[in-house]
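Chemist: Here the protein sequences line up with chains W and P, keeping their order. Taking our numbering, the leading residue of the first sequence gets 629, the next gets one more, and so forth. Taking our numbering, the leading residue of the second sequence gets 3, the next gets one more, and so forth.
Simulated from the structure, these hints should not be mistaken for lab results. The model shown is predicted, which means the values in this text are computed figures rather than measured ones. Glycine included, each C-beta is placed from N, C-alpha and C at the ideal position.
If you want the ones that stay clear, here's a sample from chain P, every Cβ over 12 angstroms from chain W, calculated:
#, residue
1, N47
2, D52
3, V138
4, A236
5, L291
6, P317
7, V329
8, H394
Quick list of simulated restraints, FRET-style, between CB atoms:
#, chain 1, residue 1, chain 2, residue 2, range
9, W, G640, P, F409, 35 to 45 angstroms
10, W, P846, P, F409, 31 to 41 angstroms
11, P, I412, W, G778, 18 to 28 angstroms
12, W, F868, P, F17, 46 to 56 angstroms
13, W, P911, P, S171, 32 to 42 angstroms
Here's the letter readout for the chains.
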Amino acid sequence: MEMFDLTLIWAGIIGFGIMMYVLMDGFDLGLGILFPFAPDEDSRDVMMNSVAPVWDGNETWLVLGGAGLLGAFPLVYSVFLPALYIGVFLMLAGLIFRGVAFEFRFKSRRNRRWWNRAFSWGSGVAAFAQGAVVGAYIQGFRVENFAYVGGAFDWLTPFSVLTGLGLMAGYALLGATWLILKSEGHVQDWAYKITPMLLALVLVVFAIISIWTPFVNPMVWERWFGNLQLIWVFPALALFSAFMVYRSVKRRDEGIPFVATIGIYVFTYLGLIVSKWPVIVPPNYTLWDAASAPESQLFLLIGVLFVIPIILAYTAWTYWVFRGKVRVGEGYH
Amino acid sequence: MELDPLVLSRIQFAFVVSFHAIFPVFTIGLASYIALLHGLYFKTNNPAWDRLSLFWTKVFAVVFGMGVVSGIVMSFQFGTNWSNFSQAASNFLGPVLSYEVVTAFFLEAAFLGVLLFGRGKVPQGVHLFAAIMVAVGTFISSFWILSANSWMHTPAGVELIDNRFHVLSWTQAIFNPSFPYRFAHMAMASFLTGGFVVAGVSAWFLLRGRDPEANRRALSMCLWLLLFLAPAQAVVGDFHGLNTLEHQPTKVAAMEGHWETSGNVPLLLFAIPDQEAQTNHFEIGIPNLASIILTHSPDGVIPGISEVAPEEQPPVIIVFWAFRVMVGIGLLMIATAFVGLLMRRKGKVYEHNAYLKALVYMIPMPFVAVLAGWIVTESGRAPWLVYGMMTHAEGLTPSLTGPMALFTLIGYVAVYSVVFYAGIYYLTRVVRNGMLPEEERETTGENFKRPMRPLSAAHTPFDDDVDPVRS
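Can you build the whole structure from these sequences, using the hints too?
Modeler: Laid out in structure tokens, this is it:
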């Protein structure tokens, strides 16, 4: 095993899984956040129908990530979850409510109002909790002897509230650009209208977070204002992606806004990784401190390398089957 | 009153896992039944088998969906409330639990969609193959979960260094001493659960005269199955008990309400165990029978609960009574199956209303028995989380406080109440709608493209005044 560093391979797999989750569940959570603001009930039908075939496949990455962390980086699992105890509960409750709402809203008329609420509140709470996790990760945790020793609300600071709101805005932007891609007529007009506003909101929040982060965490300051000038390419590319979103919406392109929004995410995510690398449980523990035994990582790797291509193929196939526009009054149901 | 995070976390885990367990225990049995129906249809081409498999696939879809939703929570419980345990046992539990997730996703990605939505779109042989693979997949999933659980009862193949388990032998750890017994006992429990639910629902349809041809076939099949399975389960359970006696004698002593080590142990039918006084009140028992069952000799010595100090004893009254509930229902199942055989010989099993009604009332029984059985085995190992190596208290999240644990406990009960209510309500509608001729059903919109999700395979509206276009 000298030839391969299993910990690095696993960092790649988990990192890829998180990115897939954020992008894919991001746009369907985003539609849930936009749900109460939609112009009419027809638009809500279109919004929900556009993600109905794929949303639960999107959430498989969350479960795979959770299980993979326990197997490959148990310290992350056993510090993040206790530290974010209340937030994790809120996220799960939110995801469950919106999952059930997905199933029952279309089968219901009398109770539809309640399923609508379950869907939008569940999505919003889950998105906020996930954003707060990012904030908590940047802040770091009070850990002694490989166990979290802080309080129940250490994670809840002005900074993590901001990252929570930031991710809500970001998911809403993903949702709006997804809707541009998948809808037409007055629903698409509405999506075109709100996208620049959401983009502005995202840029403002991300700018505040970017300026604030080096002050929250001295290590990040060192990283960005030290010798590694090359990493400035990531924020530059993220800004370029944001510009592309703006330009393509002005030109009423249908696919580019969504792709460019993904670009914002990917480059911001890479920026976050280079800020922290290789610290995974801040402030003190690196990937290698957090890793499980090499034989455990190897044993699990075999199964995961087998199943990931299958999940990817299945995902691609599902998106292909349900490609094209979703029209008012026409559902998959 | 001081809120104890340990007690609250244990209640929370018991609640969440019990709620989750009732779904897979049913779907594992049902998946095999559906595969069998597909096979019969493939072989005989009798459309009755096809109607049955279509109906039960819809039920399967709803129950599987609820199992998935409640299962997501499970994969986070270990970290939120038992982080010391997760950290300590991750080298073994991490890969094993992840393999369950991998299996489940592989199954869902590759075969579940074909089973749920492939009817008439893929060749019949492919559809049958998908049904078989789904059934096999549910077993592989339970293989991993039960291996992990059994390892916590009878840890093997590991050594504990600096509060962390390191795997010395994967084979010994995965196939640990109690695993084969627990797996067999649980697999048969799943078949019994599936069998009694199918029998009860078929009886309900027969009472209403719906599709008598198909439902008679279904009921007949189930009754034959139960006739062999119910007694066989008692035998397997006995072997499981002997294995427990070898590895966890205190648990067996608690099951028998047996405080002091002695021979000629009676089988207690009734007693009120008193942990403080370390004795029983109001004992009624059959002399020597427990010794005979456990040691195959009337004067066989069975170690008592008091072999371990009071603080290392499990809660005897819970273990004692949960065991009696499980065994009592098991005997009731055997009796139900034998009455069915007698009725069949008289040729009126399908017309006898009282018997059919009794079968309907039996539907919840296997679920109660399964939960009672799990309460026996899990409470019975207290205070050990990993038997003999790590206690519940040592495994608890150190930063967890009583109010935090109480908050999430109430939260999960509230969330699950809503989900469970909606799910069961919907499931009863699916069943009420089942086996009706096409034109009498409340379903519409078959020609829309459908998403590949479990619940949407069941085309039944949630409430009455539904919009027919979008349901």
